[in-house]
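2 protein chains.
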Amino acid sequence: MSELSKRRIPCKVFAPATVANVAVGYDILGFAIDGIGDEVVIRKGSVPGLVINKITYNSKKGLSKDINKNVAGFAGLKLLESLGLEKEPIEIDLIKNMPIGTGLGSSASSAVAGAFAINEYLNMPYSKKELLPFVTEAEKLADGSYHADNVAPCLLGGMVLIRDNATLDVIKIPTIPAIKAVVIYPHVKILTKDSRSILSPNITLRQHVAQSGNLGAFIAAMYHSDIKLLRRSLEDQIIEPQRAELIPHFDMIKEIALEEDAFGFSISGAGPSMFGLCANTMVAENIEKRVKAYYKKQKINCTVYISDINKEGAIRY
Amino acid sequence: MSELSKRRIPCKVFAPATVANVAVGYDILGFAIDGIGDEVVIRKGSVPGLVINKITYNSKKGLSKDINKNVAGFAGLKLLESLGLEKEPIEIDLIKNMPIGTGLGSSASSAVAGAFAINEYLNMPYSKKELLPFVTEAEKLADGSYHADNVAPCLLGGMVLIRDNATLDVIKIPTIPAIKAVVIYPHVKILTKDSRSILSPNITLRQHVAQSGNLGAFIAAMYHSDIKLLRRSLEDQIIEPQRAELIPHFDMIKEIALEEDAFGFSISGAGPSMFGLCANTMVAENIEKRVKAYYKKQKINCTVYISDINKEGAIRY
Numbered sequence: 001m002s003e004l005s006k007r008r009i010p011c012k013v014f015a016p017a018t019v020a021n022v023a024v025g026y027d028i029l030g031f032a033i034d035g036i037g038d039e040v041v042i043r044k045g046s047v048p049g050l051v052i053n054k055i056t057y058n059s060k061k062g063l064s065k066d067i068n069k070n071v072a073g074f075a076g077l078k079l080l081e082s083l084g085l086e087k088e089p090i091e092i093d094l095i096k097n098m099p100i101g102t103g104l105g106s107s108a109s110s111a112v113a114g115a116f117a118i119n120e121y122l123n124m125p126y127s128k129k130e131l132l133p134f135v136t137e138a139e140k141l142a143d144g145s146y147h148a149d150n151v152a153p154c155l156l157g158g159m160v161l162i163r164d165n166a167t168l169d170v171i172k173i174p175t176i177p178a179i180k181a182v183v184i185y186p187h188v189k190i191l192t193k194d195s196r197s198i199l200s201p202n203i204t205l206r207q208h209v210a211q212s213g214n215l216g217a218f219i220a221a222m223y224h225s226d227i228k229l230l231r232r233s234l235e236d237q238i239i240e241p242q243r244a245e246l247i248p249h250f251d252m253i254k255e256i257a258l259e260e261d262a263f264g265f266s267i268s269g270a271g272p273s274m275f276g277l278c279a280n281t282m283v284a285e286n287i288e289k290r291v292k293a294y295y296k297k298q299k300i301n302c303t304v305y306i307s308d309i310n311k312e313g314a315i316r317y
Numbered sequence: 001m002s003e004l005s006k007r008r009i010p011c012k013v014f015a016p017a018t019v020a021n022v023a024v025g026y027d028i029l030g031f032a033i034d035g036i037g038d039e040v041v042i043r044k045g046s047v048p049g050l051v052i053n054k055i056t057y058n059s060k061k062g063l064s065k066d067i068n069k070n071v072a073g074f075a076g077l078k079l080l081e082s083l084g085l086e087k088e089p090i091e092i093d094l095i096k097n098m099p100i101g102t103g104l105g106s107s108a109s110s111a112v113a114g115a116f117a118i119n120e121y122l123n124m125p126y127s128k129k130e131l132l133p134f135v136t137e138a139e140k141l142a143d144g145s146y147h148a149d150n151v152a153p154c155l156l157g158g159m160v161l162i163r164d165n166a167t168l169d170v171i172k173i174p175t176i177p178a179i180k181a182v183v184i185y186p187h188v189k190i191l192t193k194d195s196r197s198i199l200s201p202n203i204t205l206r207q208h209v210a211q212s213g214n215l216g217a218f219i220a221a222m223y224h225s226d227i228k229l230l231r232r233s234l235e236d237q238i239i240e241p242q243r244a245e246l247i248p249h250f251d252m253i254k255e256i257a258l259e260e261d262a263f264g265f266s267i268s269g270a271g272p273s274m275f276g277l278c279a280n281t282m283v284a285e286n287i288e289k290r291v292k293a294y295y296k297k298q299k300i301n302c303t304v305y306i307s308d309i310n311k312e313g314a315i316r317y
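As they're listed, the protein sequences go chains A and B.
Just so we're aligned: 292 in my numbering is position 292 of the first sequence, and the numbers increase by one with no gaps anywhere.
Just so we're aligned: 123 in my numbering is position 123 of the second sequence, and the numbers increase by one with no gaps anywhere.
Keep in mind the hints are simulated off the structure, nothing from the lab.
Careful: at least some of the hints might be erroneous.
As the list makes no split between identical chains, a pair holds if one copy fits it or if it spans any two.
Said to hold, decoys possible - Derived pair list, reagent style BS3-like, types lysine-lysine, alpha-carbon separation capped at 27 Å: (1) 128 with 228; (2) 228 with 129; (3) 228 with 172; (4) 12 with 172; (5) 311 with 228; (6) 12 with 140.
All chains should be built: construct the whole structure from the sequences, respecting the hints.
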């Protein structure tokens, strides 16, 4: 076992919220945003093993402190087990800034914060990419499926393509520097599991061809910084039509975003959050203003984030 | 009507063979190869209108000389009609180097040669991209479906992504300079229409996710010149398993190609041709040698082309 002298304290990390699926990449595409995410603080523990000392909530409470049930603890545990350090005395505080069930990768954010913090504390035995199996395993605790389209961008930052979820083969795609994301979270409840079960297990070959053309073009647009191509390609023909009904007034919100000149607009992850990509902050703010006014009339609370595409992913600070 | 002084003679063009689908991009991806393609020669005609004077065949004969039935003539006719020049006296010779029904874009090659030659003859009223509607319309004559995954790379060269076939929204993707294509054409007959009808109209969402991951990674690999990623991504989980049975000994030929270190190996277009992408000519030649020997034992004739990815597409010479 490593010596305490190799531990790094104080150790405080931040792991950002993420937008998965990104209209054209169901289960294989995601990007990180700024301004919202979970935090973990690490201390040397007083008893052997990993312990969750405290969870601070920004909204609704209710997460387990059991490290086998809490994704932050579980991701950390998996990492420690891989090193034979499961008896290492470690205490973590989870600062749960993100509400749960938003479609913004709340569980991914906690999982990444947990594993990343412990990796930093242990003086980085793993690279960021090597943490992926631990955090994806933990993510599976939360939504029952082994997929990295939230955890990978949360960890690595930027726009991340997951070639293959089973082997965690992930590729960072460049992004167009100027673009802004506008992310809208209406305060209604959708469970990821429900949002998955609503999806038909089959699609038509025609839908596949159309969606593939848009995915390919979206990626090419990112490499070429081709905003016109991005505008033509950012459209979900498969998942959005099935899930839109779960989100109150989705069609109207999308109409507002496109009227205000978003390049495209769709559902973030399993919803209810939605995202748009825009040419600049002004466009994003115009969307924010109109969407807030609209939802206010409908007596639905919502939170809007306007953000660059986060380049760093999880950071120690 | 324009004056004869604006006509360019002599006018002789070449339009290359193409590999469509490229494992990961059914109906939306194609590339051009060197060394095989159709040619068209243009002369001023002696009577009003477009006339096919002669078709020279390299293999089996049997194409119509009726400009409403011959794809080279039909593509040219559509171009002329768009300019109000359908009475222009033009005679074309079609040099049909490509056998028909190979899966190497034989009809696309003729269509592109026809329209490109007439455009050149008319002193280029259209850019290459603007010729796409005429050649895609002609391609539809041959296989009943409006799709540009052969005509677009044949015309433009390189690796071409078709975001949307209906609007002919095409994007040239960079290719990794060193890679070679090995293309194997076993001399057996498959009709494109049959090869389309064998395909199930539905796929699973899981297949879509897997194939999309590979498509995205394939495109990223091209931009990054990442040969390892290309190797991991060049795999067709949807079309190849359904069509492989139409091609004699497909599994064995693929096994040979992968044993000899092709990055990936799959069906070219609707088959029966197959293609592999390789790191260099040596790999391609090793595949050629073993495949030829194998097919010889099976008493099946085959032709093998080893080629760069053709960068130019249709050319006047």
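message = Regarding residue 12 and residue 140, is the shortest C-alpha distance of 27 Å or less found within a copy, between copies, in both, or in neither?
response = within (24 Å within a copy, 62 Å between copies)
query = Is it within, between, both, or neither for residue 12 and residue 172, if the alpha carbons may be no more than 27 Å apart?
reply = For residue 12 and residue 172, only the intra-copy Cα distance (25 Å) is at most 27 Å; the inter-copy one is 45 Å.
task = Using 27 Å as the alpha carbon limit, work out where residue 228 and residue 129 are close: within a copy, between copies, both or neither.
result = Cα proximity of residue 228 and residue 129: across copies only (17 Å, versus 32 Å in one copy).
request  = Give the relationship of residue 128 and residue 228 under a CA distance limit of 27 Å: within one copy only, between copies only, both, or neither.
outcome  = For residue 128 and residue 228, the Cα distance is within 27 Å only across copies (20 Å; inside one copy 33 Å).
query = Within a copy, between copies, both or neither: where do residue 311 and residue 228 come within 27 Å Cα-Cα?
reply = both (23 Å within a copy, 24 Å between copies)
ask   = Is it within, between, both or neither when you check residue 228 against residue 172 at 27 Å Cα-Cα?
value = both (22 Å within a copy, 15 Å between copies)
The structure meets every hint from the earlier list without exception.
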